[in-house]
Amino acid sequence: MRKIFFILSTLVVLSMILSACAPQTPTAAPVTQAPATQAPATEAPTQEPTPAGFKSKDPTTLVVAVFGEPETLDPALAYETAGGEIIQNVYEPLIFYKGDQPGEFVPMLAESWTISEDGTTYTFKIRKGVKFHEGGDLTPEDVAYTFQRGLLFGGTAGPQWLLAEPFFGTGIDDISLLVDPEGNLYDDREGIKAADPEKLKAACQKVKDAIVADNDNWTVTMKLAQPWGPFLATIAQTWGSVMDKEWVIEHGGWDGSCDTWQNYYAIPSEEDPFTPIANGTGPFKLDHWTQGQEIVLVRNENYWREPAKLQRVVIKKVDEWGTRFAMLQAGDADFVAVPPENRPQVDEMVGERCEFDLQANTYKPCVETDPNKPLRLYVGQPGVTRTDIFLNFNIAETSNYVGSGKLDGNGIPRDFFSDVHIRKAFAYCFDWDTYIEDVFRGEAVQSPVIPLVGMPGYEPDAPKYSFDKAKCEQEFKLADLDKDGIPAGEDPEGDVWTTGFRLQALYNQGNTTRQTISEILASNINSVNDKFIIETVGLPWPAFLRTIRNKEAPYFVSGWQEDIHDPHNWYVPYLIGTYAGRQNLPSDLKAQFKELINKGVAETDPAKRHEIYKQLNALFYENVPTILLAVATSHAYEPRYVEGVIRNPLFPGFYYYTISKK
Amino acid sequence: MITYIIRRLLLVPFLLFGVTVLIFAMLQLLTPVERASLYTRDLPKNEKALEGFIKIYGLDRPLYEQYWRWLVGVRDPQTGERRGGILFGDFGWSRTGSQPVAQLIAQRFPNTVDLTLWAVAPVILVGIWLGVQAAVHHNGWIDQAGRIFSIIGTSFPTFVFGLLVLMAFYAKLGWFPPGRVSDWANAVINSPSFHPYTRLLTIDALLNGRLDVFLDALRHMFLPILTLSYINWATFLRVTRSSMLETLRQEYVTTARAKGLPERDVIYKHARPNAMIPVVTLAGFSVVGLLGGVVITETVFNYPGIGSAAAAAASQLDVVTTLGFALFNGFILIVANLVVDVLYAYIDPRVRLS
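Line order of the protein sequences matches chains A and B.
So the first sequence is numbered by my numbering: it starts at -18 and just counts up by one.
So the second sequence is numbered by my numbering: it starts at 33 and just counts up by one.
Be careful, since some hints might not be right.
[Unchecked claim] Keeping only pairs whose Cα atoms sit at most 25 Å apart, straight-line, the calculated BS3-like set for lysine-lysine is:
no., chain 1, residue 1, chain 2, residue 2
1, B, Lys204, A, Lys580
2, A, Lys187, A, Lys204
3, A, Lys204, A, Lys189
4, A, Lys595, A, Lys575
5, A, Lys575, B, Lys204
6, A, Lys445, A, Lys580
7, A, Lys290, A, Lys79
8, A, Lys571, B, Lys204
9, B, Lys77, A, Lys571
10, B, Lys80, A, Lys575
11, A, Lys38, A, Lys290
12, A, Lys174, B, Lys204
13, A, Lys642, B, Lys77
14, A, Lys532, B, Lys204
15, A, Lys298, A, Lys445
16, B, Lys80, A, Lys180
17, B, Lys80, A, Lys187
18, A, Lys575, A, Lys589
19, A, Lys182, A, Lys106
20, A, Lys575, A, Lys204
21, B, Lys204, A, Lys298
22, B, Lys204, A, Lys643
23, A, Lys642, A, Lys445
24, A, Lys354, A, Lys642
25, A, Lys38, B, Lys80
26, B, Lys77, A, Lys36
27, A, Lys354, B, Lys80
28, A, Lys532, B, Lys80
29, A, Lys532, A, Lys450
30, A, Lys182, A, Lys204
Hints are computed from structural coordinates only; laboratory data are not their basis.
Chain A with its partners taken away, still in its complex shape (with noise of 0.2 Å):
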């Protein structure tokens, strides 16, 4: 017995030292990769930023290492950054960004296209000649029939909004309300298959009569219900994506009938049968998705223009740093998701430095600082998302945040930040170049007005609030909060400056960005009058969610990612949607921003944009209900031998079409 258990593990890992001897890859022997410091520095000329020495293990495959994964791959759905790379790469829009400018567009699966007079009616001109991966072809009905399923498809959990709102109006926001305009429907599933059949009918048939294909001239035509600045940004997202009609329908969509959408709206993702699977015109095709490991990626030969120069991309997914990390170091990886935390490690990989200009709005020409190493380093593109502080104006009865609830210096009113001084002063005692030193590593910018760098509404002096702790004191001195007519600081009966106050603030357990943004602000604040005291709570996500839903944080850091690169998608969720409802924002100032941002959307001239968005901007100023902190700029690698990256901030992921290694 003792001699066969001896044999048997001997055995087994014999077997395992063997197996490292086995072939790597069965196929021709690859070109090694460049040695990371044997090589002696050679020659490299200043011009060339890319030596030839640097070469890929296979350069016809290129492998990523995330930690997400999709949600679901239809476009109609999807609103989240995994899904929409792999339909980004897949399926195609009618138009598409021009290279790397977030604002510029290109034909894609439309050659041209006009513009009414009035702003109203978009006539797209279908590119012939262009096959779906499964065969199908290219046809003005197709498109017309995805902007038409999208909108039916409805639901709050996606983009549709973005779409409903200039093809119905202002404020709809989801196909519902055609039905039920109190708002009763939303999401509800049962409840619309119930609504009255001539109610729903006609819902679908304004869909239809909005979005019309014409066979004859190879036209769609698009007619909305107002003039629409953002619209050609709105369809070069993965929710104008092009899907095959009749593909859909085999596949289990819907079939086109108004007497049937009803049963396909608001569809979740696991019960959608376009989750798993991908059919569109792009330069990939979906090879397979192994659900929690890989997805592949294989490129379409039969692809409308010059097929991609990579024949595969794998995107594995790899939870761990130090597991992705290894992969870095040992080639089998081309790009890996880092962690900010973790770019120090990375960072002493770089050879290369690529710096991005503000004023020319792309990447200067790469320069190289060693001509060993491996990797190189974009720096300084603003990035599309950030956090900001939002202040709570009506705080809800049920909040257990407000200490005693009363201006006894053992808590706040619930009102507290209804009057202006206190919401400034609070601006004026948030300090951010910490903020933007210890979060970012100084790689950062501090936002003046809501809109991003390059947008119209965006004014890089416009006035904005700094650290400035005697600014913050006199704010509170000139506040109010007894309503008595006298401000805090000349008051004999005691207010706010004399009596103090106390609160909590919250941040999601977890997430050390809010963490330090909360307490940075609280120790300032703190140290400004001794009888100031906010204590920062670090809650479960649950009961995080819960609290700001109910509206019982007396304020809350939280985060936009735009998405569309266009104003009117700040400007609305901030001021009139959904942050400012968290916040409950007075309806008279909420009418105030409306007017604006509606007379914002309608305008297509971008200067006259502009003047309408500097007003805003100046009303937002003066009343600061958000204080706005900063954008990070990016910090993103690549291995010198990957050629043709595109950096729009506004692709969801890579856009593997122009990419090639050597």
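Once you've looked at the hints, dock chain B against the given chain A.
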């Protein structure tokens, strides 16, 4: 014996039912909005989306209704089709796995079994052998070295050891990569000519006559098994050693020696089988633990077993998946423990006859 087994097996459904009620009861301590928070990763862009989740998943229905719904599913009022229901094999949809939970388990469990299969010999058998040697050469250099080795092993966190060997053997040397198989082997496995007889990759590779795929799979399993081994050898060494030492002190061992039996027979035929009793229990628990999925090892080496899937689900608050895994794990544990108990009774006549 048979009645013992049958009685134990009959308890299984009740135990599982109890587990699910407990988990469900804990969930009910949350409000509907908090339960909706499990379906979204950050504050939703549209406030109405939360209401949407509550509506779609019936999160505000009473506890018993939600439990019943989970147990037997819902019937579509229009088509009469039943959707969902644990009793019908529908464990629900895994948000983190992007597929039905049952499918996720079916996809990942064979990988864990495969790893367990190949880990048993190195982890358990070598561990036992080390322990026996340490006991037989009591206080010799093997014993001393073994004890130091075991202290280091128990105190080394799996995570640290795993990353260290990954850096050394993969990043620097490139010998043993993480993951399940290489891309070229994956293409072979997914091709129509490859028949998945058992869904255990190594066995299937051999049955399909693909030695290269077999060796590739082993190569990827080397580091996880090395990690598991090092952590567990310590325990096996210690338990075997002390059990062996105690057995060697027994009177019947002295008698055997006095009878003039060769030392080898004394140790391996008489002493060791009796010393194995506590070790078998430990080995049984080890196998059960391995089958349950070794979370940290699988995560570090990106090995697609049920451990890494369950960990991803738990960390992202994917309740449906976690519930499914809890049920599945519970079932495996109960059955595996039963097997261990039966084996135990079989090996030790004293238990059998009592």
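These are the hints, each one checked on the structure:
Of the pairs offered as hints, the one joining B:Lys204 and A:Lys580 is violated, with about 61 Å between alpha carbons and a cut-off of 25 Å exceeded. A hinted pair counts as satisfied when its Cα atoms are at most 25 Å apart, and A:Lys187 with A:Lys204 qualifies at roughly 10 Å. For the suggested pair A:Lys204 and A:Lys189, the alpha carbons sit about 10 Å apart, so the restraint of at most 25 Å is met. Taken as a hint, the A:Lys595 and A:Lys575 pair is honoured in the structure, with Cα atoms around 14 Å apart against an allowance of 25 Å.
For the hint linking A:Lys575 to B:Lys204, the alpha-carbon distance of about 60 Å lies beyond 25 Å, and the restraint is violated. Using a Cα cut-off of 25 Å, the hinted pair A:Lys445 and A:Lys580 holds, with the two alpha carbons roughly 24 Å apart. Restraint check: the Cα-Cα separation between A:Lys290 and A:Lys79 comes to about 19 Å, which is no more than 25 Å; the hinted pair holds. For the suggested pair A:Lys571 and B:Lys204, the alpha carbons sit about 60 Å apart, so the restraint of at most 25 Å is broken.
Between B:Lys77 and A:Lys571 the CA atoms are separated by roughly 19 Å; this keeps the pair inside 25 Å, and the hint holds. Distance hint between B:Lys80 and A:Lys575 is fulfilled; the C-alpha atoms sit about 20 Å from each other, no more than 25 Å. Between the alpha carbons of A:Lys38 and A:Lys290 the distance comes to roughly 16 Å, so the proposed pair stays at or under 25 Å and holds. The straight-line distance between the Cα atoms of A:Lys174 and B:Lys204 is roughly 61 Å, outside the 25 Å bound, and the hint therefore fails.
This hinted pair does not check out: A:Lys642 and B:Lys77 have alpha carbons roughly 38 Å apart, beyond 25 Å. Using a Cα cut-off of 25 Å, the hinted pair A:Lys532 and B:Lys204 is violated, with the two alpha carbons roughly 53 Å apart. A C-alpha spacing of about 42 Å is found between A:Lys298 and A:Lys445, which places the hinted pair above 25 Å, so the restraint is violated. For the hint linking B:Lys80 to A:Lys180, the alpha-carbon distance of about 22 Å falls within 25 Å, and the restraint holds.
About 24 Å separates the Cα atoms of B:Lys80 and A:Lys187, which keeps this hinted pair within 25 Å; it holds. At most 25 Å may separate the alpha-carbon atoms for a hinted pair to count; A:Lys575 and A:Lys589 meet this at roughly 17 Å. A C-alpha spacing of about 29 Å is found between A:Lys182 and A:Lys106, which places the hinted pair above 25 Å, so the restraint is violated. Of the supplied pair hints, the one linking A:Lys575 and A:Lys204 holds, its CA atoms being roughly 23 Å apart against a limit of 25 Å.
Of the supplied pair hints, the one linking B:Lys204 and A:Lys298 holds, its CA atoms being roughly 22 Å apart against a limit of 25 Å. A distance of roughly 22 Å separates the Cα atoms of B:Lys204 and A:Lys643; the hinted pair therefore holds under the 25 Å criterion. For the hint linking A:Lys642 to A:Lys445, the alpha-carbon distance of about 45 Å lies beyond 25 Å, and the restraint is violated. Note on A:Lys354 and A:Lys642: the hinted pairing holds, with a Cα-Cα distance of about 17 Å set against a maximum of 25 Å.
Between A:Lys38 and B:Lys80 the alpha-carbon distance is near 49 Å, which puts this suggested pair outside the 25 Å criterion. Note on B:Lys77 and A:Lys36: the hinted pairing is violated, with a Cα-Cα distance of about 43 Å set against a maximum of 25 Å. Proposed proximity of A:Lys354 and B:Lys80 is contradicted: the alpha carbons are some 50 Å apart, above 25 Å. For the suggested pair A:Lys532 and B:Lys80, the alpha carbons sit about 14 Å apart, so the restraint of at most 25 Å is met.
Restraint check for A:Lys532 and A:Lys450: the C-alpha separation of about 29 Å exceeds 25 Å, so the hint is violated. Distance hint between A:Lys182 and A:Lys204 is fulfilled; the C-alpha atoms sit about 19 Å from each other, no more than 25 Å.
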